[in-house]
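Engineer: Listed in order, the protein sequences are those of chains A and B.
Be aware that the first sequence starts at 1, since it is given in my numbering, and climbs by one per residue.
Be aware that the second sequence starts at 479, since it is given in my numbering, and climbs by one per residue.
Calculated directly from the structure, the hints in this document are not laboratory data.
Take these hints with a grain of salt, some might be off.
[Said to hold, decoys possible] Simulated pairs of lysine-lysine, DSBU-like, Cα-Cα distance not exceeding 35 Å:
1) A:Lys422 <-> B:Lys602
2) A:Lys422 <-> A:Lys41
3) A:Lys263 <-> A:Lys408
4) A:Lys41 <-> A:Lys263
5) A:Lys422 <-> B:Lys555
6) A:Lys422 <-> A:Lys278
7) B:Lys602 <-> B:Lys555
8) B:Lys492 <-> A:Lys422
9) A:Lys422 <-> A:Lys263
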Amino acid sequence: MSDVVDILVEREYAYGFHADLETELAPKGLDEDVVRLISAKKQEPAWLLEWRLAAFRHFLTLEEPTWPNVHHPPIDYQDMHYWAAPKPKGPAPKSLDEVDPQIRAEFDKLGISLAEQERLSGVAVDAVMDSISVATTFKAKLAEAGVIFCSFSEAVREHPELVRRYLGSVVPFRDNFFAALNSAVFSDGSFCFIPAGVQCPMELSTYFRINAAETGQFERTLIVAEEGASVSYLEGCTAPKRDENQLHAAVVELVALDDASIKYSTVQNWYPGDADGKGGIFNFVTKRGRAGNRATISWTQVETGSAITWKYPSVILQGDDSVGEFYSVAVTTHHQQADTGTKMIHIGRNTTSTILSKGISAGHAQNTYRGLVKVLRSATGARNHTRCDSLLIGPDCGAHTFPYIEVKNDTAQVEHEASTSKVSDDQLFYCRQRGLTEEDATSMIVNGFCREVFDELPMEYAVEAQALMRLTLEGAVG
Amino acid sequence: MLHIERLTASVGDKTILDGLDLDIAAGEIHAVMGPNGAGKSTLSNVLAGRDGYTTTGTVTFEGGDLLALTPEERAAKGLFLAFQHPVEIPGVGNMYFLHTALNAIRLVRGQPEIGAVDFLALAKEHMARLDMDPAFLSRSVNEGFSGGEKKRNEILQLSLLEPRLAILDETDSGLDIDALRVVGEGVERLRHPERSMLIITHHPRLLEFVRPDRVHVLQAGRIVRTGDHHLARELEAVGYGAAAAR
Ligand SMILES: Nc1ncnc2c1ncn2[C@@H]1O[C@H](COP(=O)(O)OP(=O)(O)OP(=O)(O)O)[C@@H](O)[C@H]1O
Ligand SMILES: [Mg+2]
């Protein structure tokens, strides 16, 4: 077995290059002036600046949370930049062709050719580099269907009434420390609006990339599906290798009105730090959706990166008969730490939630599932089913499960199952006897363990997730 | 093909194989019988390269030192073990598993990969001969298979991977009467001048379908008696104790 541990520990991060783009940076540090500067750079309306400032003032009254099962040196919030933008070499790009070729090349290297994506896959892509949204493809086709998919900044300019109505409506800035910070200094992100009755004609996706050094990334995503609308959305993330830790504190808000459905998938592959635990992204993210009557919100996440992951994509099941789902694969190797899970808040009647969490740890990594299922008094007939499976690879890693259940209505049915297993010697030997290398065998067994979650991803990303899992588990065989 | 000389294998301070000699020439089928705990599965594990055993002695396979190779190298050289207890691999599709295994072995042998469409056709052809429902391809490897279904799945792999040396560890145990015939005939069909087989069994029934060239009695980690196929019947009649004493 020890060979397998070595394999896992030897993984290399494939996206660790960075581009020498000219970058416009705000001075390091965080105060009201920085908040004003960001808002001014983006030529925001007064109401938004006021909102940011209110969030900032509230942030100053908060302490960083200490309850997650993760450990890191204190974060110095004054020692980073809160605004970084690839310097424009002219006026803002109007179309893909006008995007700076160097930025295009950077995304090409990541395997996200915006133009190719547009042509071949029929997936509309928004790409965010550092603080700035670089391009949104496929706009015209989406516009025909009445779908708005653009950068957050553009949404503020073009659709201020929509942004104003929904911003902070699911994750108020008072929600938590990182949500307050994000609300004060968020730079860009994606905005997506599906009008009533419209099935979004294609997958929407955003790629986030941190490029500049010593920079925090604070993007904000807002997705609104009106009555009876539906959309499937995917985000992917990478960052260069750097010795210092970088902070990523995003907020994602989903609004699914009556009979709407939103499927939100994440493939998170931020730089995890090196084999000794040096560097890597601190990924502290708040994601939440609110479901109206008969609406469905489904979170699927494949989390392989980041030095520390702290996120609990949640669903507020407000409407009657609404459905919340959470499917998660979280892999930690080396010294990575993940404290992740979900919250399902049952408010409406006959609301249903499903939680399936697969945690994989190797090396010295610690993997924690933390979930809350809360059934309010109003939620007659609520049902939840939770399953948490942990897979350990090697003797030095850990898996922890903290399921919190609060039920205030006795008609509710809440079920919780948990299991912990190891990649067994029997399974490895069986596969190797059939000709697979130890590395291939491990990757196959782990992929099998994750299968039910991968099956929830859109087809093309399921393939990508398997490849990523392979890469995560791969390295030089000893 | 296979030459074993004074092979010992132990786990901790328990010696399981204790000076075992065995020779199998190309094209021959040998049966090994013996009481529970005699070391039969240990012999197959050691030959297939499972770790955890301390060994001495020599094993030569196709002219090379077998014990120096990893399990996957042995598989690529054509050694196949049908397991006494095939393991379940949840979430890994049987078809995907078989396809990957076949291509891994073909790659090492310098043969071109087989694409998914061709493989599916090939697998179905083999399954039809083994009277197996193609539905087994879309299930996870051995997961929820009945005992007999697992054994049949082993024979399916055996026939797809076309090994030089096949070791069958109690493949006939747990099979119903019809399945025993199907498996027995399936194995007999694989008889080939370039392929040898080592069949571990407790039941002479299987040997009616696959007539062995030699039958060995393995007891306390050693081959204590060798004969032709009549030996199997004799063992059944008189038991291991008496047979070994002759
Ligand atoms: N890892 C191990 N540690 C300790 N003892 C072992 C180990 N593996 C096998 N043994 C012992 O070695 C002996 C031989 O086991 P083996 O499985 O090879 O028997 P077998 O001949 O295949 O028996 P059966 O007919 O019941 O399948 C048994 O007494 C068994 O308990
Ligand atoms: Mg045995």
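Engineer: Which numbered hints does this structure break?
Structural biologist: Per hint list: single violation, 2.
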